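Trainee: Residues per chain are reported as follows:
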Amino acid sequence: MSTRTLASSRRVLSRMAESRTSSEPAAAPVLDIHDVTVAYHRKPVLWDFDLTITEPSLVGIVGPNGAGKSTLIKAILGLIPLTSGSVSVLGQDFAKQRKLVGYVPQRESVDWDFPINVFDAVLMGTYGELGWLRRPGRKQRRWAMHCLEKVGIADLAQRQIGQLSGGQQQRVFLARALAQNAKLYLMDEPMAGVDAATEHVIFQLLRELHDEGRTVLVVHHDLRTVPDYFDDVVLMNLRLVAAGPVEKVFTPENLRKTYGRRLDILDDAGEAMRSRVRSE
Amino acid sequence: MIDWPVFLSPDARLAFWTILCGVVCNASCAIIGCYLVLRRMSLLGDAISHAVLAGIAVAFLLTGSLAPLPVFIGAVTVGLLTAFLTQSLATWGRITEDSSMGIVFTSLFAIGVIIVSQIDGVHLDTDCVLYGSIDTAPVEIITVAGYDIPHMLQILVPMTVLTLLFVIAFWKELKIASFDPLLATTMGIGASFMHYLLMAMVAGVTVSSLEAVGAIVVVAMLIVPPATAHLLTDRLGWMLVWSVAIGGVSAVLGYWGAVRFDTNVAGMMAVAAGGQFTLAVAFAPKHGLLSRAIGRMQLALRIAAEDVIAKLYRLEEQAAESTNRVDVSRKECEHLAGAGWIGRLAILVLSRRKQLATSASGQWHLTTTGRELGRSLVRSHRLWETFLDENFELPPDHLHEPAERLEHFIGPQLQARLVQELAQSRTDPQGKVIPPGEAANDSEHAAE
Amino acid sequence: MEYNTQIVLAGTSLMGVCAGLVGSFAVLRRRALIGDTLAHAALPGLCLAFLIVGHRSLPAMLFGALLSGLVGVLIITALRYGTRIKEDAAMGIVLSVFYGAGIALSRYIQNQSTAGSKAGLESYILGKPAGMILQDLFLIGGTTLACLLLIVLLYKEFKVVLFDSQFASVQGWPALRLDLLLMAMIAVAVVIGLPAVGVVMMAALLIIPAATARLWTERLALMLVISALFGATIGGAGTLLSARFAGLPTGPVIVLLGSGLFGVSLLFAPRSGFLARWLDAQNFRTRIGEQALLCELYNLTEPSLPSLVELDRDTLKSQRSWSDNELSKRLTRLNVADLIKPSDNSRITLTPSGYAKAAQVARAHRLWQLFIESYPDSAPDFTDLDAETIDEKLDQEIVVQLEDRLRSAGRLPKTTHSRTRETTQ
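Residue numbers (my numbering), protein chains in the order written: chain U, 1 to 280; chain W, 1 to 448; chain R, 1 to 425.
Derived by calculation from the structure, the hints in this document are not laboratory data.
Zero decoy hints are in this set.
Quick list of in silico lysine-lysine cross-link-like pairs, DSS-like style, CA-CA up to 27 Å:
#: 1; chain 1: U; residue 1: Lys96; chain 2: U; residue 2: Lys139
#: 2; chain 1: U; residue 1: Lys183; chain 2: W; residue 2: Lys172
#: 3; chain 1: U; residue 1: Lys150; chain 2: U; residue 2: Lys99
#: 4; chain 1: W; residue 1: Lys172; chain 2: R; residue 2: Lys86
#: 5; chain 1: U; residue 1: Lys257; chain 2: U; residue 2: Lys43
#: 6; chain 1: U; residue 1: Lys139; chain 2: U; residue 2: Lys99
#: 7; chain 1: U; residue 1: Lys183; chain 2: U; residue 2: Lys248
#: 8; chain 1: R; residue 1: Lys317; chain 2: R; residue 2: Lys341
#: 9; chain 1: W; residue 1: Lys311; chain 2: W; residue 2: Lys432
#: 10; chain 1: R; residue 1: Lys317; chain 2: U; residue 2: Lys96
#: 11; chain 1: U; residue 1: Lys150; chain 2: U; residue 2: Lys183
#: 12; chain 1: W; residue 1: Lys172; chain 2: U; residue 2: Lys139
#: 13; chain 1: U; residue 1: Lys139; chain 2: U; residue 2: Lys150
#: 14; chain 1: R; residue 1: Lys393; chain 2: R; residue 2: Lys414
#: 15; chain 1: R; residue 1: Lys393; chain 2: U; residue 2: Lys43
#: 16; chain 1: W; residue 1: Lys172; chain 2: U; residue 2: Lys150
#: 17; chain 1: U; residue 1: Lys139; chain 2: U; residue 2: Lys183
#: 18; chain 1: R; residue 1: Lys341; chain 2: R; residue 2: Lys329
#: 19; chain 1: R; residue 1: Lys414; chain 2: R; residue 2: Lys341
#: 20; chain 1: W; residue 1: Lys311; chain 2: W; residue 2: Lys354
#: 21; chain 1: R; residue 1: Lys329; chain 2: U; residue 2: Lys43
#: 22; chain 1: U; residue 1: Lys183; chain 2: U; residue 2: Lys96
#: 23; chain 1: R; residue 1: Lys414; chain 2: U; residue 2: Lys257
#: 24; chain 1: R; residue 1: Lys86; chain 2: W; residue 2: Lys286
#: 25; chain 1: R; residue 1: Lys393; chain 2: U; residue 2: Lys257
#: 26; chain 1: U; residue 1: Lys99; chain 2: U; residue 2: Lys183
#: 27; chain 1: W; residue 1: Lys331; chain 2: W; residue 2: Lys354
#: 28; chain 1: R; residue 1: Lys317; chain 2: U; residue 2: Lys43
#: 29; chain 1: R; residue 1: Lys329; chain 2: R; residue 2: Lys317
#: 30; chain 1: R; residue 1: Lys317; chain 2: R; residue 2: Lys414
#: 31; chain 1: U; residue 1: Lys96; chain 2: W; residue 2: Lys172
#: 32; chain 1: U; residue 1: Lys99; chain 2: W; residue 2: Lys172
#: 33; chain 1: W; residue 1: Lys311; chain 2: W; residue 2: Lys331
Model, not experiment: these values are computed from the prediction.
Taking the hints into account, I'd like the entire structure generated from these sequences.
Mentor: Spelled out as structure tokens, the structure:
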């Protein structure tokens with residue numbers, strides 16, 4: 001194992017913009033996670049986690065079960081207390097930047113028996129900008145409808161949320177997140193357990209969001225599709241293993257460090273790569 | 001005794017005012033109760049309604065009277081305290097939420113009882129707390145703007161109005177905080193704040209209804225109409241309306257029952273609510289037991305009928321080229337439909353629908369429409385088998401079962417999509433021909 | 001002591017034992033409020049029994065109460081499994097509707113009957129221990145004994161069902177029936193206690209001793225014993241207090257004593273108590289903070305080893321997210337322990353003993369890091385924020401292996417803890 005990979009550079013600055021020219025002066029980083037530790041009793045779930053995202057990016061976050069991926073998202077959102085460290089969004093505390101951050105939680109977090117329909121659920125995405133007591137007006141309703149159309153469920157607008165399939169529920173969440181019109185999106189396994197068509201729609205959406213200059217951070221469950229969907233990837237297992245552009249970072253070496261020897265497919269890939277390198 | 005409306009007889013007047021108090025009381029409880037039920041906090045409502053006794057007792061201790069304002073303040077304070085302590089103990093004390101709730105509200109209730117026992121006589125008699133005093137509502141009169149009205153309306157009406165205003169003003173905040181508290185918090189709509197605001201309203205509603213129906217029937221009014229309404233509708237707005245309506249009906253029926261059986265109104269109101277709930281559980285469309293059972297039976301019937309059709313179609317396929325139809329005896333027919341009376345009923349339905357017909361010899365065969373249906377079913381079945389075979393590594397004998405189940409649910413739309421997905425859609429993995437679809441019929445012929 | 005008081009004392013103490021025993025299961029099962037529900041649901045049964053029998057017969061009424069309570073529980077279960085009504089709503093519905101039926105029946109009886117033969121529902125709602133007679137004592141004692149016997153005999157069965165009822169079913173235990181048996185025991189305990197302390201207080205008695213006992217021990221058997229003892233204590237003490245200060249109703253006094261005991265335990269119980277946990281957390285935080293600082297000090301000193309160079313405080317601060325305040329406090333502590341030598345406000349040097357400790361901590365940190373990378377599957381289970389536990393937590397073989405890898409990368413700090421032989425420095 002080389003010295004470089006072992007370098008316990010505890011502050012792994014993700015040079016997400018490495019391959020892209022960046023002529024902007026030092027604007028506030030989109031996301032700055034500094035030295036974050038989250039622990040339950042003595043067990044660390046996130047340990048000395050450092051990550052900086054300087055530019056709008058489309059990032060996949062992967063790691064084994066229990067690696068702390070959901071915890072990372074929740075820590076950024078201020079939903080769980082940090083044992084140490086700090087998080088800033090666009091240069092400020094998250095609490096001040098709420099309106100700029102959109103959250104797509106896991107589907108299990110919600111009571112699908114609640115008596116509302118799809119349109120209502122998506123309209124909720126506009127509540128943040130409305131603030132207290134104000135009602136959603138025509139502008140918000142039109143915007144909500146627009147978001148429904150974008151994810152392809154406009155025809156389900158009047159359907160009760162309890163009557164949706166898994167893929168449809170996920171799209172509702174997405175439409176709601178779109179309605180929030182945020183600059184930073186945090187999504188927790190949006191493609192888990194959905195059908196192929198929905199996955200395709202979701203991916204298109206993420207691309208579009210990124211093209212519009214937003215940052216999308218996605219906890220992703222399927223390693224095989226990481227290179228297809230994301231420009232940048234974060235590999236983590238309690239700590240940050242590596243972060244950066246997929247071509248540079250998504251290597252068998254790093255994957256082994258993140259996942260161990262469980263994945264035969266990666267061993268094969270690693271072998272193939274090594275044998276190709278040797279023969280060259 | 002109140003002497004208006006004049007066009008009612010004295011007995012009717014008694015009924016009118018008592019019922020009116022009941023309806024108003026139920027209304028405020030039903031509205032707030034909807035949110036309790038949806039948020040799975042019904043028992044917190046129970047806890048608060050017991051604990052407010054302490055609030056009332058302390059208010060009396062401090063002010064020497066039961067004037068509405070101090071009582072209200074006392075109740076809301078204790079209500080908030082209950083909610084707060086329950087949550088804090090569960091979070092910080094490392095005990096479960098249900099234990100925490102139990103300890104907090106019983107202790108507060110105990111404090112209330114002790115204080116009351118130390119005060120001599122007065123208004124705070126246990127009878128009122130246990131049984132409610134709505135029976136004597138028309139007798140305790142006060143005069144407002146020249147009109148005599150029952151004393152308890154003076155508290156009940158403003159409370160109900162306040163409840164309505166609260167829900168209207170905070171409509172969207174309550175909705176999002178109840179549906180997805182995590183999201184609400186990340187958006188800055190404090191789910192916590194809404195929670196405590198709701199608890200304050202629960203305490204207010206409870207204490208205002210306490211005089212009318214007593215401490216525990218209040219819980220019935222908070223929970224039972226909303227739970228009933230939840231079985232009747234899937235829209236939040238309608239759930240609120242239904243709750244209020246059911247509460248009103250409980251008031252009417254409760255009064256009637258109390259008069260008929262010479263007993264206490266509050267108790268009968270709770271029983272009436274329970275009765276409506278039971279009816280809803282049994283007969284609600286969509287969520288009631290009866291309609292679910294009917295739904296299941298309808299499905300079983302459809303599957304049995306389709307099984308007959310599909311099997312007859314297959315028999316026709318296998319038969320020699322010359323024959324254009326296959327006849328089976330009635331007994332064989334029933335056998336194809338599956339066991340029991342469902343099978344027989346299925347055949348009846350099929351002949352009604354003219355998909356099966358009898359010939360002179362008493363044999364059964366498919367009609368043209370029946371054959372159409374059979375072709376569609378078999379097409380679905382074989383398309384699905386092909387799809388499974390092309391996309392999953394399943395042994396050939398594992399293909400039939402799932403296709404057998406799914407053929408009933410794959411309609412023409414899904415068939416068209418399957419055709420698009422498949423590499424080829426002429427034959428299935430066993431080599432049998434996949435019957436063409438209806439539109440395909442034309443397009444295939446056109447292509448040829 | 002008066003004869004009557006003696007009886008009441010014995011009765012409430014025994015009831016406390018019963019409630020403590022049976023309540024433990026309810027609390028552990030997260031069904032603490034089932035006692036409350038049962039107590040309210042028992043009321044119509046009481047009244048119906050009175051109506052049927054025609055006069056106030058305690059055994060009949062208690063039997064009626066028991067039946068009615070059990071019917072309530074069955075309805076709750078049926079609602080939960082058969083409809084979209086959730087468990088909490090089901091409990092609330094049964095509780096309040098049955099209670100309503102109860103008071104309706106009670107008023108009916110009052111209105112019907114001639115003076116003097118009332119069912120006396122109030123005494124069941126608020127309790128009237130003074131009415132206890134010797135026969136009642138036998139009833140309570142017998143019930144308590146029966147419960148105790150059942151628990152002793154079926155101890156391991158209850159334990160399995162309590163912990164994981166699905167597992168129990170798979171193993172072949174009739175989980176559902178055992179569950180029903182538990183419910184029946186709770187119902188019996190509740191019903192027996194009704195005449196003495198009333199509905200709400202009985203619900204409390206089922207919860208408070210058990211919840212308190214839970215704070216003092218992790219073992220089920222011990223918890224049952226402590227719970228029973230607490231129950232007896234507050235039952236007896238409550239009775240004595242309310243006898244002493246006539247006018248204080250017994251039930252509420254017992255409950256408040258129980259809450260007081262609970263509150264004290266909540267604060268002061270060793271290990272689970274608030275104080276103990278707070279102290280523990282504070283200690284832990286200090287240790288972790290100190291370790292982090294030492295680790296940084298080592299990292300900064302490492303390049304210039306073997307000399308212990310002077311380090312700049314600002315460089316140190318920039319490595320982590322510490323505030324000035326925190327950093328100062330920690331540095332002071334290290335200074336006091338003679339682990340560092342501050343030359344002035346902004347420059348720090350490790351002392352030799354400080355170096356030794358820092359090397360130890362750095363070794364542990366780096367081993368953990370390597371461990372997470374090398375054994376990602378095990379990482380969540382074994383890792384500990386407290387770096388110094390690494391030698392206890394990990395297998396010696398693994399530690400040696402990891403140390404070897406660190407050494408070949410030139411990153412193994414030289415400490416006396418190293419498991420492998422070191423070359424002399």
